[in-house]
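Undergrad: Letter by letter, the chains look like this.
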Amino acid sequence: MILKGRVWKFGDNIDTDIIIPARYLAHTDPKVLGSHCMEPLLPDFPQKAAKGDFIVAGSNFGCGSSREHAPIAILALGIPLVIGKSFARIFYRNSFNKGLALLEADIFDKVKDGDVIEVDLSTGIIWGPGLKVTAKPIPPFMIELINEGGLMNHLKKRLEAR
Amino acid sequence: MGMTITEKILAAHAGKPSVEPGEIVEVKLDLVLANDITAPLSLEEFEKVGATSVFDRERVVFVLDHFTPNKDILSAENCKKIREFAAKHRIKYFYEGGTCGVEHALLPEQGLVVPGDVVIGADSHTCTYGALGAFSTGVGSTDFTYGMVTGTTWFKVPESIKFSCYGKWQPWATGKDLILHVIGMIGVDGALYSAMEFDGEAISALSMDSRLTVANMAVEAGAKNGIFKVDEKTLDYVRGRAKRPHVVHESDADARYREVFEIDVSKIGLKVACPSLPSNVKNVQDLKSVTIDQSVIGSCTNGRLEDLEMAEKVLKGKKVAPNVRCIVIPATPQIYREAYDRGYFETFLDAGCIISPPTCGPCLGGHMGVLARGERSVSTTNRNFVGRMGHPESEVYLAGAAVAAASAVKGRIAHPEEVL
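First to last, the protein sequences are chains A and B. Going by this note's numbering, the first residue of the first sequence is number 1, and it counts up by one from there. Going by this note's numbering, the first residue of the second sequence is number 1001, and it counts up by one from there.
If you are wondering where the hints come from, they were derived from the structure by calculation, not from laboratory data. Only a predicted model underlies this, so the values are computations on that prediction, with no experimental measurement involved. Every residue, glycine too, gets a C-beta built ideally from N, C-alpha and C. Incorrect hints may appear among the rest.
[Said to hold, decoys possible] Calculated from the model, a selection of chain A residues having no Cβ within reach of chain B, i.e. all distances over 10 Å:
| no. | residue |
| --- | --- |
| 1 | 15 |
| 2 | 17 |
| 3 | 35 |
| 4 | 41 |
| 5 | 52 |
| 6 | 67 |
| 7 | 115 |
| 8 | 127 |
| 9 | 135 |
[Said to hold, decoys possible] Here are the computed lysine to any residue pairs in the SDA-like style, where the Cα-Cα straight-line distance is at most 25 Å:
| no. | chain 1 | residue 1 | chain 2 | residue 2 |
| --- | --- | --- | --- | --- |
| 10 | A | 156 | B | 1151 |
| 11 | B | 1318 | B | 1279 |
| 12 | A | 136 | A | 147 |
| 13 | A | 136 | A | 115 |
| 14 | A | 156 | B | 1238 |
| 15 | A | 9 | B | 1276 |
| 16 | A | 85 | A | 3 |
| 17 | A | 31 | B | 1048 |
| 18 | B | 1028 | B | 1057 |
| 19 | B | 1081 | A | 159 |
| 20 | A | 136 | A | 120 |
| 21 | A | 48 | A | 2 |
| 22 | B | 1233 | B | 1173 |
| 23 | B | 1156 | A | 123 |
| 24 | A | 31 | B | 1386 |
| 25 | B | 1156 | A | 139 |
| 26 | A | 4 | A | 99 |
| 27 | A | 31 | A | 53 |
| 28 | B | 1267 | B | 1241 |
| 29 | A | 48 | B | 1386 |
| 30 | B | 1081 | A | 9 |
| 31 | B | 1410 | B | 1391 |
| 32 | A | 157 | B | 1159 |
| 33 | B | 1028 | A | 147 |
| 34 | B | 1016 | B | 1159 |
| 35 | A | 31 | B | 1016 |
| 36 | B | 1288 | B | 1370 |
| 37 | B | 1048 | A | 162 |
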């Protein structure tokens, strides 16, 4: 699948308290969570981000808490993909469980805010203005999980087979 | 080739003779945990997938510790939903109100986690239980749901990094200073996806409370888990409280490590992590000009008896500086009672501290100690990210209990010896 989107750059160690501050965690409505996404760094991000935009980050994106509210908030803005140099492990699992795609690639210094880039999710190839990079392959186990429709679909099937 | 303690525990729960780093394994879970923030999302999923029961009503734990005592209507509604779910599924270990403590202090104390366990919790600081020689790690609400229904989960077996600690501890230094030192050394992603294993004579000398502190902050270096060898201290701690039998695993002499660090703890003084990353670590002596508005002594990192004991020693006969709020939060009802029985409350109250019920509240800017724009807190908690305890322009300095208490007295970051 090929996605095309506009880039929003965030740096290294973007933690879950930035992605969605804890004071909003009593909410479970994705719309509410999305409306506070990245608030401490960029309060108008939820208004300015458009459906289909991408986040491009440095290393250790999503570090901090286990809150699944973080990928939910990003997805609620219509952002389908984060490209980062590396991801914190709980955020990584949570994102795939929620359907937010993550690609590991070091393109942070190669793109500008607002650049439009294209990404082939199946091959991991990323291209844009003066850019062609192949992301680290998504682990086969994760792909299997995605192909099954995510962990909750896997669970549903497992329950139905009982 | 030998295996590490982490590999052995995962192999035992995967029903395999051995496992290797990088391998994906499906493992049986001994315990799954969620709290009032992460459970609500999970219960929605539980309904959606059509699940009707949990895998074992004695191995699913709910602790309503984050936004409790309920901070607002939404929090109260969330707690109500979890309470109803717990009642419907006859969950044996459901903690709220007067039984509630900060989860990662409460579960070990109540003997719900034992050596050799595999535990997942929908809270990133679930890695705390590694102090008991268990494999435990944080997950999101979806992975928790899967674990709660099936009693299983999947893991990529992590590589291990060893921290061999030797030397004599400096006065006042605790596990908090060690883990801040380590995170300062390797960075907030220095142990990404890996297991952090602590051993050596200086670790044997460390109290269980301090070991829990160290394991608690493994996630702040990006680790999957932190883990300790089981010794006599561990077994003493477990005896009399364990709700289940335990299994002792030990790393083989020829186990493989990605890296081994030798750490002389006699060189580790009192440490403070400055805003806005836990890796921004400095010596307390270098921060004496930093004034504070608040000092928080509590949390899953440092709300245990050892921490309150240190704070009490520093605060005895002293007064909290004017304009400083010093909030003391015994992490569990048992710690609360013990601190009360030992007379610590008198010292805290005489000094002008606020004694809070057990809650995670201020650590994550939830309630019970939120910071205003421009305010600064010293805190014994685990994260000092931008806006962690309140306004995005407030600041958090992480330290151990003795430094937090001394800073409360001085109104600025201070070494306990400046006060005594």
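Undergrad: Each hint: holds or not?
TA: Now the hints, each set against the structure:
1. Distance check for residue 15 of chain A against chain B: the nearest CB is about 5 Å away, which does not clear 10 Å, and the non-interface claim fails.
2. The beta carbon of residue 17 of chain A sits about 4 Å from the closest Cβ of chain B, which is not more than 10 Å, so the claim that it is off the interface is violated.
3. Every CB of chain B lies more than 10 Å from the CB of residue 35 of chain A, the least distance being 15 Å, so the non-interface label holds.
4. Residue placement check: residue 41 of chain A does not keep its beta carbon more than 10 Å from all beta carbons of chain B (closest about 7 Å).
5. At roughly 24 Å from the closest C-beta of chain B, the C-beta of residue 52 of chain A stays outside 10 Å, upholding its exclusion from the interface.
6. With a cut of 10 Å on Cβ distances, residue 67 of chain A falls inside the contact zone with chain B, its closest approach being about 7 Å.
7. The claim that residue 115 of chain A is not at the interface with chain B holds, since no C-beta of that chain comes within 10 Å of its own (minimum 26 Å).
8. Against chain B, the non-interface label of residue 127 of chain A holds: every CB pair exceeds 10 Å, the least being about 27 Å.
9. For residue 135 of chain A, the condition that its CB be more than 10 Å from all CB atoms of chain B holds, with the nearest at approximately 17 Å.
10. Simply put, residue 156 of chain A and residue 1151 of chain B have alpha-carbon atoms about 15 Å apart, close enough for the 25 Å limit, and the pair holds.
11. Distance hint between residue 1318 of chain B and residue 1279 of chain B is unfulfilled; the C-alpha atoms sit about 32 Å from each other, more than 25 Å.
12. Taking the CA atoms of residue 136 of chain A and residue 147 of chain A, the gap is near 18 Å; set against the 25 Å cutoff, the hint holds.
13. Distance hint between residue 136 of chain A and residue 115 of chain A is fulfilled; the C-alpha atoms sit about 21 Å from each other, no more than 25 Å.
14. Distance check on the hinted pair: residue 156 of chain A and residue 1238 of chain B sit about 38 Å apart at the alpha-carbon level, beyond 25 Å; violated.
15. At roughly 19 Å between alpha-carbon atoms, residue 9 of chain A and residue 1276 of chain B fall within 25 Å of each other, so this suggested pair holds.
16. Taking the CA atoms of residue 85 of chain A and residue 3 of chain A, the gap is near 19 Å; set against the 25 Å cutoff, the hint holds.
17. A threshold of 25 Å between alpha carbons decides the hint, and for residue 31 of chain A with residue 1048 of chain B the separation of about 19 Å falls inside it, so the pair holds.
18. Proposed proximity of residue 1028 of chain B and residue 1057 of chain B is supported: the alpha carbons are some 15 Å apart, at most 25 Å.
19. Between residue 1081 of chain B and residue 159 of chain A, the direct Cα distance comes to roughly 23 Å. Compliance with the 25 Å bound is thereby established for this hinted pair.
20. With a CA separation close to 12 Å, the supplied pair residue 136 of chain A and residue 120 of chain A stays within the 25 Å bound.
21. Distance check on the hinted pair: residue 48 of chain A and residue 2 of chain A sit about 23 Å apart at the alpha-carbon level, within 25 Å; holds.
22. Straight-line distance between C-alpha atoms of residue 1233 of chain B and residue 1173 of chain B comes to about 19 Å, which keeps the hinted pair within the 25 Å bound.
23. At most 25 Å may separate the alpha-carbon atoms for a hinted pair to count; residue 1156 of chain B and residue 123 of chain A meet this at roughly 22 Å.
24. Between residue 31 of chain A and residue 1386 of chain B the alpha-carbon distance is near 23 Å, which keeps this suggested pair within the 25 Å criterion.
25. For the hint pairing residue 1156 of chain B with residue 139 of chain A, the CA-to-CA distance comes to about 10 Å; that is within 25 Å, so the pair holds.
26. As the CA atoms of residue 4 of chain A and residue 99 of chain A are separated by approximately 17 Å, the hinted pair is consistent with the 25 Å bound.
27. About 17 Å separates the Cα atoms of residue 31 of chain A and residue 53 of chain A, which keeps this hinted pair within 25 Å; it holds.
28. Under the criterion of a C-alpha separation no larger than 25 Å, the hint pairing residue 1267 of chain B with residue 1241 of chain B is inconsistent with the structure, at around 35 Å.
29. Of the pairs offered as hints, the one joining residue 48 of chain A and residue 1386 of chain B holds, with about 22 Å between alpha carbons and a cut-off of 25 Å not exceeded.
30. The straight-line distance between the Cα atoms of residue 1081 of chain B and residue 9 of chain A is roughly 38 Å, outside the 25 Å bound, and the hint therefore fails.
31. Note on residue 1410 of chain B and residue 1391 of chain B: the hinted pairing holds, with a Cα-Cα distance of about 24 Å set against a maximum of 25 Å.
32. Of the pairs offered as hints, the one joining residue 157 of chain A and residue 1159 of chain B is violated, with about 32 Å between alpha carbons and a cut-off of 25 Å exceeded.
33. Taking the CA atoms of residue 1028 of chain B and residue 147 of chain A, the gap is near 24 Å; set against the 25 Å cutoff, the hint holds.
34. Distance check on the hinted pair: residue 1016 of chain B and residue 1159 of chain B sit about 18 Å apart at the alpha-carbon level, within 25 Å; holds.
35. Distance restraint check for residue 31 of chain A and residue 1016 of chain B: the Cα-Cα separation of roughly 44 Å exceeds the 25 Å cut-off, and the hinted pair is therefore not satisfied.
36. Between residue 1288 of chain B and residue 1370 of chain B the alpha-carbon distance is near 23 Å, which keeps this suggested pair within the 25 Å criterion.
37. Under the criterion of a C-alpha separation no larger than 25 Å, the hint pairing residue 1048 of chain B with residue 162 of chain A is consistent with the structure, at around 17 Å.
Violation of the numbered hints given earlier is confined to hints 1, 2, 4, 6, 11, 14, 28, 30, 32, 35; the remaining hints are satisfied by the structure.
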